[in-house]
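Spelled out, the chains give:
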Amino acid sequence: MEFFKARTNYDFIGKMKFMVTFSTVAIALSLLLIATKGFNFGIDFVGGTLVEVQIPESAGAVDEGRLREMLEKLGHADAAIVRVGPPEERTYRISLLGSQEENRDLSVQVVKGLGEGLGAEVTVKTIDSIGPRVGKELRASAIYAILFSWLGIMLYIWFRFEWQYAPGAVLALIHDVTFAAGMFSLFGWEFDMNVLAALLVIIGYSINDTIVIYDRIRETVGMRGTAELEDVVNEATNATLSRTILTSGLTQVVVVAILLLGGPVLRGFALALFIGIFVGTYSSIYVASALLIWLSRRYGHPAPAKAKARATA
Amino acid sequence: MSLRARWILIGAITGLMAWLSLPSFFSQAQRDAGHWWLRKDGLTLGLDLQGGVHWLLRIDSETAVQQELKKLKGNTEGWAEDAKISLASAELAGDSLELRGDLAGLRKVVDDNLQIVDISEQDGALVLRLSDRWKREVVDRGVQQALEVLRKRVDGLGVREPVIAPQGAGRILVQMPGVQDTGAARSVLESTTFLQFKAVLDSAPSKELLEAKLPGGIPADQEVVLSQSRDGKETEALLVPKVAILTGDMLEDARLDFDRRNRPIITFQWNNEGTAIFRDFTSAHIGDRLAAIIDNKVITAPVIQSKIGRNGQITGDFTREEAANTAVQLRSGALPIPLVIEEERTVGPSVGADSIRDGIRASLLGTSLVFIFMALYYSVTGMFANVALIVNVLILIGLMSMARATLTLPGIAGVVLTVGMAVDSNVIIYERIREELRNGKNGRAAIAAGFNRSFSTIFDSNLTTLLTAVVLLTFGRGPVQGFGVTLAIGLTASMFTALVVTRALFDFFYGANPEKLRI
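For the protein sequence lines, the chains are A and B, in the order given. The opening residue of the first sequence carries number 75 in our numbering; numbering runs sequentially from there. The opening residue of the second sequence carries number 314 in our numbering; numbering runs sequentially from there.
In case anyone wonders, no lab produced these hints; they're calculated from the structure. These figures come from a predicted structure and were not determined experimentally. Each hint should be verified, as a subset may be incorrect.
As the list claims (entries may be wrong) - Each computed DSS-like pair below joins lysine-lysine, with the alpha-carbon atoms no more than 27 Å apart:
#1 B:K754 x A:K79
#2 B:K383 x B:K397
#3 A:K147 x B:K754
#4 A:K186 x B:K610
#5 B:K620 x B:K555
#6 B:K448 x A:K210
Stated by the list, open to error - Residues of chain B placed beyond 12 Å of chain A at every Cβ, according to the derived structure:
#7 I323
#8 A331
#9 L382
#10 K384
#11 D436
#12 S444
#13 N585
#14 E586
#15 F594
#16 I617
#17 T632
All C-beta atoms, glycine included, are put in the ideal place defined by N, C-alpha and C.
Given these sequences and hints, build the entire structure.
Here it is, written out as structure tokens:
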């Protein structure tokens, strides 16, 4: 079976101006959203306590209202209560403002208090409590992680390719992370540790995709020289197109499987990846290669000696 | 390398990895049965998958400094007295100790005895502050003591493979797989000395009646403690001094035992110091009542019948578990400095099981779809890629079992993602071979060019992704770190399988007759 019987010859470069404008607007909007609306941070980054409990049948009918009343009696009038899953699972997630750093027995008091109020012991499904100090540290380490990955990739590409290739690759990563983060801000999806991990995976995926095209450009430049760089980029993009579509399609199949069946904990993770794989694929062409062309036009594009040697060998 | 040598290498690696990953497909009971072909250690599951309690604790350094200052105050008073220097007052003020009196003499005494203290003079007082180095030492010592106490207490709970480790400045990581965050788990953090023995000064059936007996109110150096029956009802109120005769830190041992009627009791032994105090007190107070108080609750308050020395026992209204837990707490001593829970993540066992089920179901579905697609799209060579994929997953599980890396829920997602990325390497090679065939090359030349030309692409793209995996490993915490480990191992494995395993399969099937190539 083959989707692309002959080599395709789409004019990717012709649409570059439009796409670059589109990307610029999308990124500007994402940044604006992040700056004004911000994120719906999970407790990982802001601190707080989450207690998820299952109420036994013997406690009779329960709903958020009944639990709220009980929590008010326990002195947690500011607690937020949400049902998790279908009603027959009788599972509720309670978000408390404080953390166990200030009150070590916070979760134990709530669980015990609910058990006494309901007249039946509740089952603890999960407890997560993050103190303000740890939350701040996790936020800082998240930012470091992203910045260091950009820096590392920049240096690697500079070392393996030419410097003209590096800024485009990193700009593509900044583009992808900003766009995905912007979507999380726009829809108010919870931003937790797993979403951060997903952003880093997007970086990994996107750079992978960019390198495949860059490598082909390097090879073609080695054979044909840099005179018509636009044509070279177009040709390289077409030559790798079948691979690009197959790989992103297959990875997306796996991501959708996690999104639909992977359970609630992985949902945010899979969602971020789902968005990221689309933009990661797109940005290899319209951000990374676009900047490569612009930089090479301005500062010249020395044909890499290594690629030349291999091509003539 | 000849094809035969490559097969031997591939066979050896695959066999080893299969052997290493085999235990993960068997239950704990089957592994413990001791089959010669089955290793005991499979994949280590993270707490998010097997359930348990994870704590990041911090030594309360302010309290530690206060305790140290109190000690310093006592020492200074001693030194001044020994050197006969007038010390009008020694007072704790915030994080400093203020000495008044013969300042010049005091400064000399302090200088002689201490090297690392910050001394200044202010408002006619000598102000001592702990230097930063001293504070660090106090915290480090606190961490060491806390580790020891925590280890004993967690052991006493019977936790299988707990983690109790220092974690940077003043922090301790505690992981207790399979434990729920109940009172029993939480009791390992109790900072107080649990057991106190106090003389009973007066008693009444309830607090109100006892207060009625004392028209002048409760004296400042005394307090009321209550004893409760099993159903929480107050049975007696006792008046006792605030200062205990003996506390649990002088215990040498405490264990669960049973009395003649098979009721659980706690037997204990004092150390030498405790023995002396206990013997003196009991011999002087025969006929009086003595209260054993744990956690401010009276456990028992019997009448002293005779002199008691090293060994004693506490009979109370406990269940077997309560007596066992209390004995553990008594035995492991007090935590010298309170611990603060900076981070807690508790996962119930059923949640962990649900997560594994969901994760595995999603992985199997995603991977099967990829398998089917590869077989349809690339026919026979697609099956080569699938073989490479299976070897890849075996290497991943095998290396993780060997390195005792922890598989977390995001880690399962990492396995699945590795599958996607591993397929990429094969797709890059296959598309290149097709391209070379289209350009008019024959089978042999197309295969050679396909693998050779793809090498730099696969190498560079995997290495840059590996870079992000390493960043995840370094900066991530908990499950995210687990994800980084999985991704890093998976990427390395996928380079091997695509470039070595797939290549060997091509050479084996098409090496002699490349015209048969169908791709």
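Hint check:
1. Between B:K754 and A:K79 the alpha-carbon distance is near 16 Å, which keeps this suggested pair within the 27 Å criterion.
2. For a cut-off of 27 Å, the pair hint linking B:K383 to B:K397 stands: about 21 Å separates their Cα positions.
3. Of the pairs offered as hints, the one joining A:K147 and B:K754 is violated, with about 80 Å between alpha carbons and a cut-off of 27 Å exceeded.
4. Between A:K186 and B:K610, the direct Cα distance comes to roughly 19 Å. Compliance with the 27 Å bound is thereby established for this hinted pair.
5. In summary, the hint linking B:K620 to B:K555 is supported, as the alpha carbons are separated by about 23 Å, within the 27 Å threshold.
6. About 24 Å separates the Cα atoms of B:K448 and A:K210, which keeps this hinted pair within 27 Å; it holds.
7. No beta-carbon of chain A comes within 12 Å of the beta-carbon of B:I323; the shortest separation is about 24 Å.
8. Non-interface status of B:A331 relative to chain A is upheld: no Cβ of that chain comes within 12 Å, the nearest being about 23 Å off.
9. With a least beta-carbon separation of about 23 Å from chain A, B:L382 lies farther than 12 Å from that chain, consistent with its non-interface assignment.
10. Residue-level check passed: B:K384 sits 25 Å from the nearest beta carbon of chain A, beyond 12 Å.
11. At roughly 34 Å from the closest C-beta of chain A, the C-beta of B:D436 stays outside 12 Å, upholding its exclusion from the interface.
12. In this structure B:S444 is separated from chain A by more than 12 Å, as the shortest Cβ-Cβ distance comes to about 24 Å.
13. Against chain A, the non-interface label of B:N585 holds: every CB pair exceeds 12 Å, the least being about 35 Å.
14. Annotated as non-interface, B:E586 keeps its C-beta farther than 12 Å from every C-beta of chain A; the closest such distance is 31 Å.
15. B:F594, annotated as away from the interface, keeps every beta carbon of chain A farther than 12 Å; the closest lies near 34 Å.
16. The beta carbon of B:I617 sits about 36 Å from the closest Cβ of chain A, which is more than 12 Å, so the claim that it is off the interface holds.
17. Its beta-carbon lying about 16 Å from the closest one in chain A, B:T632 satisfies the requirement of being farther than 12 Å from that chain.
In this structure, only the earlier hint numbered 3 is contradicted, and the remaining ones agree with it.
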